[in-house]
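Trainee: Residue strings, one per chain:
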Amino acid sequence: MTLPNAEKLVETLKNKINEIIDDKTVLIGVQRGGELILQKILPGLKNTVATGSIDTSFYRDDFSSRGLKIKNKPSKIDTEINDKHIILIDDVFSTGRTVRAAMNEIFDYGRPAKITLAVLVDRNEQELPIAPQIYIEKISLNKNQHLELGLDENKKFIFQLKECHV
Amino acid sequence: MFNPQLNSKGNLNHLLSIEGLSKEKIIQILDTAESFLKIGERDVKKVPILRGKTVCNVFFENSTRTRTTFEIAAKRLSADVINLNVATSSQSKGETILDTINNLIAMNADIFVVRHSSSGAAHFIASHVKPNIHIINAGDGNHSHPTQGLLDAFTIRKYKTNFNKLKVAIVGDILHSRVARSNIHALNILGVPEIRVIAPKTLLPYEIEKLGVHVFHDIDKGLKDVDVIMMLRIQNERMDGVMLPSQEEYFKTYGLNQTRLDLAKKDAIVMHPGPMNRGVEIDSAVADSEQSVILPQVTFGIAVRMAVMAILAGQHS
Numbered sequence: 001m002t003l004p005n006a007e008k009l010v011e012t013l014k015n016k017i018n019e020i021i022d023d024k025t026v027l028i029g030v031q032r033g034g035e036l037i038l039q040k041i042l043p044g045l046k047n048t049v050a051t052g053s054i055d056t057s058f059y060r061d062d063f064s065s066r067g068l069k070i071k072n073k074p075s076k077i078d079t080e081i082n083d084k085h086i087i088l089i090d091d092v093f094s095t096g097r098t099v100r101a102a103m104n105e106i107f108d109y110g111r112p113a114k115i116t117l118a119v120l121v122d123r124n125e126q127e128l129p130i131a132p133q134i135y136i137e138k139i140s141l142n143k144n145q146h147l148e149l150g151l152d153e154n155k156k157f158i159f160q161l162k163e164c165h166v
Numbered sequence: 001m002f003n004p005q006l007n008s009k010g011n012l013n014h015l016l017s018i019e020g021l022s023k024e025k026i027i028q029i030l031d032t033a034e035s036f037l038k039i040g041e042r043d044v045k046k047v048p049i050l051r052g053k054t055v056c057n058v059f060f061e062n063s064t065r066t067r068t069t070f071e072i073a074a075k076r077l078s079a080d081v082i083n084l085n086v087a088t089s090s091q092s093k094g095e096t097i098l099d100t101i102n103n104l105i106a107m108n109a110d111i112f113v114v115r116h117s118s119s120g121a122a123h124f125i126a127s128h129v130k131p132n133i134h135i136i137n138a139g140d141g142n143h144s145h146p147t148q149g150l151l152d153a154f155t156i157r158k159y160k161t162n163f164n165k166l167k168v169a170i171v172g173d174i175l176h177s178r179v180a181r182s183n184i185h186a187l188n189i190l191g192v193p194e195i196r197v198i199a200p201k202t203l204l205p206y207e208i209e210k211l212g213v214h215v216f217h218d219i220d221k222g223l224k225d226v227d228v229i230m231m232l233r234i235q236n237e238r239m240d241g242v243m244l245p246s247q248e249e250y251f252k253t254y255g256l257n258q259t260r261l262d263l264a265k266k267d268a269i270v271m272h273p274g275p276m277n278r279g280v281e282i283d284s285a286v287a288d289s290e291q292s293v294i295l296p297q298v299t300f301g302i303a304v305r306m307a308v309m310a311i312l313a314g315q316h317s
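Sequence lines, in order, name chains A and B. The opening position of the first sequence corresponds to residue 1 in our numbering, with each subsequent residue numbered one higher. The opening position of the second sequence corresponds to residue 1 in our numbering, with each subsequent residue numbered one higher.
Source of the hints: derived by calculation from the structure; they are not laboratory data. Just so you know, even glycine gets a beta-carbon here, dropped at the ideal spot from N, CA and C. Careful: at least some of the hints might be erroneous.
[Unchecked claim] Some but not every residue of chain A turned toward chain B, in silico, with C-beta under 8 angstroms: (1) S57; (2) Y59; (3) F63; (4) I70.
Model the full assembly from the supplied sequences, consistent with the hints where possible.
Mentor: Written out as structure tokens, the structure reads:
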């Protein structure tokens with residue numbers, strides 16, 4: 001199958017985020033994809049906004065079956081989030097479990113006024129009553145196919161599809 | 001060689017000693033601790049991963065600091081913690097170690113943090129429990145204190161990025177020190193090219209050179225150009241016997257004062273596992289100096305213990 005053009009999707013996501021940001025916005029990237037997107041779109045935003053990044057390893061609901069696997073940098077939310085509008089950015093939305101973990105962690109930092117979830121791709125695999133308010137494309141994939149955002153040799157975004165054997 | 005620390009998949013199931021750990025395994029623990037260190041800086045210093053698990057601190061030998069940092073570490077992982085000071089309870093009534101542990105397992109504890117005055121106690125317990133129970137050695141006799149070795153390695157990495165260019169001196173009672181043994185093993189595995197031990201002959205174990213260390217009896221020579229100075233506590237009970245003449249005499253010949261610290265590299269760090277005896281092994285001014293990282297060691301110790309517990313609890317056979 002043809003995978004979507006990641007560069008275009010990131011550009012569209014940037015425009016959509018630009019429409020809703022104000023001085024009360026905090027952008028938080030979910031590592032690793034969401035953090036990559038955040039760093040890319042940041043210079044092109046109309047306002048200067050506070051940012052953070054989140055690694056959900058310590059909040060995952062599959063710790064007892066999977067153990068602890070830390071691949072990313074520690075979460076970093078140095079900015080005040082009480083009463084702020086958080087836009088949580090991720091590359092791919094699938095079950096909603098990562099977002100649940102990310103939200104649990106966010107609430108350990110404070111009480112935001114609102115959280116909006118913005119992603120490039122929604123895989124239509126929702127397992128929880130959590131859904132992205134902003135998504136650019138919907139794609140249906142097999143459960144064992146892992147869609148991941150990466151950077152090519154020219155630092156351009158690309159999607160990669162990996163087969164996982166569970 | 002059979003290594004009871006590792007499960008059939010080669011993953012860490014217990015932490016009993018630094019020996020037998022690969023460099024990769026140690027680095028994995030240090031990297032994980034780095035993530036946990038950030039949790040301690042937050043307003044809410046707690047993550048949910050060990051929610052519903054029970055950590056039992058079983059101390060057959062007294063300790064305040066180590067037990068407290070294990071307790072804080074477990075609580076920050078959301079585990080329930082039970083502290084048992086066995087030295088004053090069932091052991092004195094004649095119960096064996098295994099019976100004590102089996103009773104606690106029957107109460108559904110998941111992780112045991114064990115300190116015992118006999119070398120090999122944690123190893124013995126680990127060989128007799130089911131695979132879903134995890135044992136952490138919090139000090140056994142003169143043998144090992146692996147989380148101290150790991151937190152010292154973490155501390156060194158924080159201040160000195162590259163292990164393979166360092167000169168490290170360990171000063172004091174090497175003979176009775178499980179901390180020294182764990183540190184020597186950890187530093188060797190991590191590739192530190194020069195480890196020095198500085199002590200009077202009476203406080204050095206026989207054939208210590210076989211661990212790959214350089215022996216110095218003269219502290220002034222031993223501290224020359226080192227990057228890291230690890231001081232060890234002189235236990236008061238050693239003063240009564242034949243090993244040392246007096247505290248004053250020890251301070252004069254082996255105590256770390258500013259003049260001696262100046263023999264080391266300008267940016268050398270001073271470490272101590274605590275509790276320290278000011279004016280015995282270390283001068284008060286040195287302990288409080290800019291080069292001292294003794295209090296950061298305590299903070300790092302919590303993150304390292306969180307990492308060890310989280311890694312162990314995530315293993316399944």
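Trainee: Could you check the structure against the hints above and give me the numbers of any it violates, in ascending order?
Mentor: Hint check: nothing fails, all pass.
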